[in-house]
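Chemist: Combine the two chains into a complex, taking the hints into account.
Residue numbers (the working numbering), protein chains in the order written: chain F, 1 to 237; chain B, 1 to 561.
These are calculated hints, taken from the structure and not from any lab test.
Please note: incorrect hints may appear among the correct ones.
[Said to hold, decoys possible] Here are the simulated DMTMM-like cross-link-like pairs (lysine to aspartate or glutamate), alpha carbons at most 20 Å apart as the crow flies:
{"id": "1", "chain 1": "F", "residue 1": "K216", "chain 2": "B", "residue 2": "D448"}
{"id": "2", "chain 1": "F", "residue 1": "K216", "chain 2": "B", "residue 2": "D444"}
{"id": "3", "chain 1": "F", "residue 1": "K125", "chain 2": "F", "residue 2": "E87"}
{"id": "4", "chain 1": "F", "residue 1": "K216", "chain 2": "B", "residue 2": "E450"}
{"id": "5", "chain 1": "F", "residue 1": "K216", "chain 2": "B", "residue 2": "E431"}
{"id": "6", "chain 1": "F", "residue 1": "K216", "chain 2": "B", "residue 2": "D445"}
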Amino acid sequence: MDKHNPVGDGVPTNFANNSPVLMSRNEIASLCSKAARGAGMNWGLAEEAGHAAAWLAARGLTGPANLAVHFKAAEGQSWQNVCPQVEAGQWQTRTGTPLCPVALGATLSDYALLPGTSFTSNGLKTGPVSCPLLVLPFLASAATAIGNTIKLSWDGGTVGLTTTGEVFGDTGELSATSITQIHIWTEESGAAHTQAASMAPIDPETLDQLSQLAMKTTVPPSDRSREGAGAGTSDND
Amino acid sequence: MLLQDVETKPMCDDSWRSPAEVMRLARMGSAHPTRLSFLRVMLRRMQNEGWTFTRPVWEIDDRGVGRAVYCARGPERTYSLVAFAHDLPEDMRSDRVIATAWDATFALHDGIPSTADLDRLEQNVPLQEAGRVTAKELSLSRANRSVRLFNHVVERLSCGRQPDTDEIESVGYLMRTTAVYGAGKFGAADHETICDRPEFKVPFQAEMLSVWLTRQFTVDIAEHLASCKGGKQAVRFAPEIKARLGVGNSTGLGMAPFIIRHPILLNNWMTAREEALARVRYLNAATPDAVKHLKQAFKNAQINLSQWHSDHPLQVTKLENLKLDFELLKTKISTFPEPGNKPWNDLWCWAQSKLTLEGQEAMLSMLLEPHGKLIDELAERMGADEAASFRIDGAMRIATLRALLESHYNWALETDFTKPENAARFWYVSEEKLEPRLGERALDDGVDREQPLCIARLASEMYDDLSAVSGEQTVAAFLLQHPAHRYIVRRVQAARSFPYAEVRDNLIADDMLPIDLMRCKLAFFGATHFDPRSDKWVRICLFQGAPYPLDPVEEVETVHG
Numbered sequence: 001m002d003k004h005n006p007v008g009d010g011v012p013t014n015f016a017n018n019s020p021v022l023m024s025r026n027e028i029a030s031l032c033s034k035a036a037r038g039a040g041m042n043w044g045l046a047e048e049a050g051h052a053a054a055w056l057a058a059r060g061l062t063g064p065a066n067l068a069v070h071f072k073a074a075e076g077q078s079w080q081n082v083c084p085q086v087e088a089g090q091w092q093t094r095t096g097t098p099l100c101p102v103a104l105g106a107t108l109s110d111y112a113l114l115p116g117t118s119f120t121s122n123g124l125k126t127g128p129v130s131c132p133l134l135v136l137p138f139l140a141s142a143a144t145a146i147g148n149t150i151k152l153s154w155d156g157g158t159v160g161l162t163t164t165g166e167v168f169g170d171t172g173e174l175s176a177t178s179i180t181q182i183h184i185w186t187e188e189s190g191a192a193h194t195q196a197a198s199m200a201p202i203d204p205e206t207l208d209q210l211s212q213l214a215m216k217t218t219v220p221p222s223d224r225s226r227e228g229a230g231a232g233t234s235d236n237d
Numbered sequence: 001m002l003l004q005d006v007e008t009k010p011m012c013d014d015s016w017r018s019p020a021e022v023m024r025l026a027r028m029g030s031a032h033p034t035r036l037s038f039l040r041v042m043l044r045r046m047q048n049e050g051w052t053f054t055r056p057v058w059e060i061d062d063r064g065v066g067r068a069v070y071c072a073r074g075p076e077r078t079y080s081l082v083a084f085a086h087d088l089p090e091d092m093r094s095d096r097v098i099a100t101a102w103d104a105t106f107a108l109h110d111g112i113p114s115t116a117d118l119d120r121l122e123q124n125v126p127l128q129e130a131g132r133v134t135a136k137e138l139s140l141s142r143a144n145r146s147v148r149l150f151n152h153v154v155e156r157l158s159c160g161r162q163p164d165t166d167e168i169e170s171v172g173y174l175m176r177t178t179a180v181y182g183a184g185k186f187g188a189a190d191h192e193t194i195c196d197r198p199e200f201k202v203p204f205q206a207e208m209l210s211v212w213l214t215r216q217f218t219v220d221i222a223e224h225l226a227s228c229k230g231g232k233q234a235v236r237f238a239p240e241i242k243a244r245l246g247v248g249n250s251t252g253l254g255m256a257p258f259i260i261r262h263p264i265l266l267n268n269w270m271t272a273r274e275e276a277l278a279r280v281r282y283l284n285a286a287t288p289d290a291v292k293h294l295k296q297a298f299k300n301a302q303i304n305l306s307q308w309h310s311d312h313p314l315q316v317t318k319l320e321n322l323k324l325d326f327e328l329l330k331t332k333i334s335t336f337p338e339p340g341n342k343p344w345n346d347l348w349c350w351a352q353s354k355l356t357l358e359g360q361e362a363m364l365s366m367l368l369e370p371h372g373k374l375i376d377e378l379a380e381r382m383g384a385d386e387a388a389s390f391r392i393d394g395a396m397r398i399a400t401l402r403a404l405l406e407s408h409y410n411w412a413l414e415t416d417f418t419k420p421e422n423a424a425r426f427w428y429v430s431e432e433k434l435e436p437r438l439g440e441r442a443l444d445d446g447v448d449r450e451q452p453l454c455i456a457r458l459a460s461e462m463y464d465d466l467s468a469v470s471g472e473q474t475v476a477a478f479l480l481q482h483p484a485h486r487y488i489v490r491r492v493q494a495a496r497s498f499p500y501a502e503v504r505d506n507l508i509a510d511d512m513l514p515i516d517l518m519r520c521k522l523a524f525f526g527a528t529h530f531d532p533r534s535d536k537w538v539r540i541c542l543f544q545g546a547p548y549p550l551d552p553v554e555e556v557e558t559v560h561g
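In isolation and in its complexed conformation, chain B is listed as follows (with noise of 0.2 Å):
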């Protein structure tokens, strides 16, 4: 089938799957990257735009101390990672956000930065939160070192040895970022200010570049010191080794409330998405360049799943699950495409039959990997204006919301809030770094400062409040006597244009799991070898495979292409 027939027929509604099975918190706590998260977006464009690359400065000593800056250059502009390493005692180092130093710390700077930006930039990013960047700047970021696998890199190199290939898979990068800041914050330039440029269209796009250009820092300061340290004997990373190298991230708590702060932004990711999915199985055929490529995505899919590890008993089960997944999928792959009209529809009903939701997620991925051309385009939808979406709209009829609520929150209207273990915990901002934090009712304080993130007691309540409202009376009027209902009013209008924007779970139920919210988003921005810490807190990788911004061209791989 020809592109052009997928986008002026009808799309068939039983390819979607629906809000109600897709925002489900253990749904997308088992989320996987998919060629339409930002990483993938953002080195397609790098790619197929002939970016450069330069590392113009490198003022860093033999402690491993100084300043290095990273330029790529594209068609029009030229950002820069500006990055500051430092000395860090052991007993400092923490990934929380209310650590106050690291082992490096950077800052994207739009253009190339004079000395004077450089030094105005030493004075305030090593501080972090603590500092101020300016409008200059579009991204604020740190990272710490894996310390064990770090000093047996540098170890190896400085004798002229490559590194353990165990010791490499059992960590996965040499630095993992503990916050990457963006946006407007600390001063930095607003996503307003910079989304009309194309290569900023796309979420996260400055973010994911300044961690691209940090993964090469790292590989470069721990050769750096390899060389300080070996003089003649050091040897540089083979590679092989290099390219199993991605950039870490540690987050905690702070990352969970973004995608329920950003309901349209979320739901622009999961349409994206799943209008990708529907597509594929939309198509009549399976050509043979399709099919090899799927088989090349379950090759390198059992390739990342060897080399996921976590101890956390809930990932252990879901990656012992995915490995019983994988094994029904190869017979299954080897087979494709059987005999029938829709062959990736077929192959998608059999995994959501057969699959558990890790195998789901993952299916997902591989199934969208050889349609480049027929999805990538959607990744251009991925951004937001919520400004268009925040004024309420006052003229609506009571009936009208009430009926919102009842289609878009049953979930919601389900719940009785009245049990204890409904409404067990509260979300609420530390004065520390004002890090979220999530309390248990009943034993901590602050309960009186909660956040408006329990989504489905706010939507309930307001349907309580409903009940005695005439279905003729205007919105305007109900929030005039009701103005605590404001905030969710927002939220269940927005449903009527944005139905993937709530997470159809409550947030506040005993069992909750935060770490589901994180992977979500992480998936999203690409990350793989989710390893949860506990239930509030996941490591991930980034990049793992991707080729390096200083590498020879001829050298980058195509797996991430």
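Next comes chain F alone, as it looks inside the complex (with noise of 0.2 Å):
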């Protein structure tokens, strides 16, 4: 029996031609969570890891690619090393190691609607960020439940979140980020230009990735647990 390649959940194993693959919304957050866990992060971590990925992609933005780039350079760090240590207006990693997106995303989330500690006007400053995209998504479900707009700006642009959890500004300039400080601060509602964008493809490097992460969360296959997942009758009655 071939081992079933886990893009399988979607991709076919005989991709050869090299070209970007377009994935469902599904799918991509169903191979990112998987590639998360694999990649070592828990169960609840992983989850959110695979909707920001996704909610990136919908949006024309390279999320799993970010993602993909960030487990490589992640890897092996535990999460005390890669969490946020939480302070009025300064949040870094214990040691100085770059933060995990996705533990800051999570938590600037957790934090949103406790005063004083996250989302102000005066601002957060942040130690380096790896692949700071994907803080995108967090940031844009804490605009929705705070109800005012969020910005997040670093040396090579500024990034805007509406309060209806849209994204505007140097979007395309963040994406090619690999690690850098950031600065998030609210401001008042206002208009914003944001852009309609579709599914964006997935390049088959990032693919790669991702399906050998996602496939540490599998168990390879025996006689017996095969077996033991069958009806045990003939099929062809």
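Modeler: Printed below as a string of structure tokens:
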């Protein structure tokens, strides 16, 4: 029995022409969640990683690719090394290693409605963040929760998230940024120019990296496991 | 009582069954289809809206190989089932998800497919998981023949004779689907992109349409092969024989995790059904028409029971008990309604005190049957916007989280997971086609890759860790210290708004029966004739007794109306 490619929760195993693959949002979320778990994230955070990557892809952004890059960069790092230390005005890791964007985003979202900790007009500065594009989906849901626009800036540009959870600004530049310190603050909601986008295709290299990680959540087959899952009766009746 | 009275009066709390009663595996594993089941909802819509059906393509050769297209035209849109018929060697026929070839494969296309679409689908659909569809497709599925009955039917029809009714009844279908994939699988359209269409507001409507059109295909190909074989001598099905054929479905563990992974969806299915029951129990009169309808529903249930066969010891016992239940019910229903203010409630309370779980759930289905005007609109609430509840409320205090655990997960906190029997199994995903499987913790490899379906244990572990935390602390701070609980925190917080979200049993216990999870889901689809093949595998029948899409409207039966 051939090992089934986990991309194959969607993508052909004989995929050979090396061109980008258009996947559904559901497939991206599923693949990226599995990859995140395979990369060592806990299940709850892995769900959020999948959700975030799919949210970005649905807006034409390279969420899955950034996630794959982050997993490579953060390989072997424990939660304690990549999660933020929550202090007024300044969040960074305990040791100065880059923040995991999913851990940072999830924690920002968790603290969104707690006064004085994350989203203020004065803003919050962070230590270096790995693949900061991945923070955007969390800021989007936080913007909806707090009812204010949230802005994120770095030395290469600014991106905003509206209260309806849409994104505007220098997203292309942020996609290409592998690590940077960021500044996050809130603004009264105003008019913003958001662009409709179609689902971003996934490049084969990203697909391969994520699939290999996703495979780490699966168990190699054995005759015992194969038999145990069947009906135990003939299907030729 | 008028319908508006029900909607304006607060629902009497004691008319509702509690989650503690409803969300137990033994009861879920006794679930019966109701008029809120998804295939019933779909058939009602198609009948009410006057959908029309055609078969514009039938390119099947005399070996039964080729392709066909069935179109369903509604008020705004048309959907097409594209079917591919194959010549499958017997040694390749397997209902398992790890199979690689089937008797027939299908895709439901959004619109009318062009020749280019058909060619594209022909390159992919027969490969199933190893192929690729696009956002123009809404489902991907396959089916295998019930070899014995299919051959018998073709043989008989080809000689100008009708099939033997005993043979028909012993199986109930010509083909059984072995997987029906929807919602974004293998490149198909995401549910979010189509759920604003009225016809897809209720869950699994595209899949149900696909299976209904598949049922038409199964009788068409049998008649086609009979005609090829017998020529002028061959006859078509007699309508009463054809009506007895449904579509089978054969399913294993792949289906079981779904209702655990979609707690809000499960809650909404259960809540709709339970509210329907509560509304009926709250009625203060039984009209002659409703009484007549109830008696007809009981008659249909008796016919269904007489055709329901299983060799599995668990189901054999349940069916014997159901027969005894129906004996009691026969007397009870003959005198219904008895004097009283709430005749339906009285009948229900009697059923609860006298009948087995299988009988009670069958009774529930019968009680709902006469009350379409009162309850059918509840189906519209069975979908779920899961994304809306995804964000964790980090501002919640630990005291509140603890209280939620104690009130909604008390069943889990009472379990001692240090006892081997309470953690005897583990759910995992096999490399092979990502098939979900259930392992023995003490014997099987892969425990380090356990899936988070052990909800009770996850809740219990978090409760232990919460004991050392101040009630004033926030969930946000707790998760920073204990990130591993993030998954269960999301579920526990959802329990506030979605009380029927959680199956209140230990899903890794040594005596847990996965078929109970599957039966619950299949009953919501509208399945009948549950026939377990093991504790992890079940065959069922869909659409038996329902009309066929290509039948003239005047011939349409109203059994499923």
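Chemist: All hints are to be evaluated individually against the structure, with a verdict given for each.
Modeler: Here is how each hint holds up against the structure:
{"no.": "1", "hint": "K216(F) / D448(B)", "result": "holds, 10 Å"}
{"no.": "2", "hint": "K216(F) / D444(B)", "result": "holds, 17 Å"}
{"no.": "3", "hint": "K125(F) / E87(F)", "result": "holds, 10 Å"}
{"no.": "4", "hint": "K216(F) / E450(B)", "result": "holds, 11 Å"}
{"no.": "5", "hint": "K216(F) / E431(B)", "result": "holds, 9 Å"}
{"no.": "6", "hint": "K216(F) / D445(B)", "result": "holds, 14 Å"}
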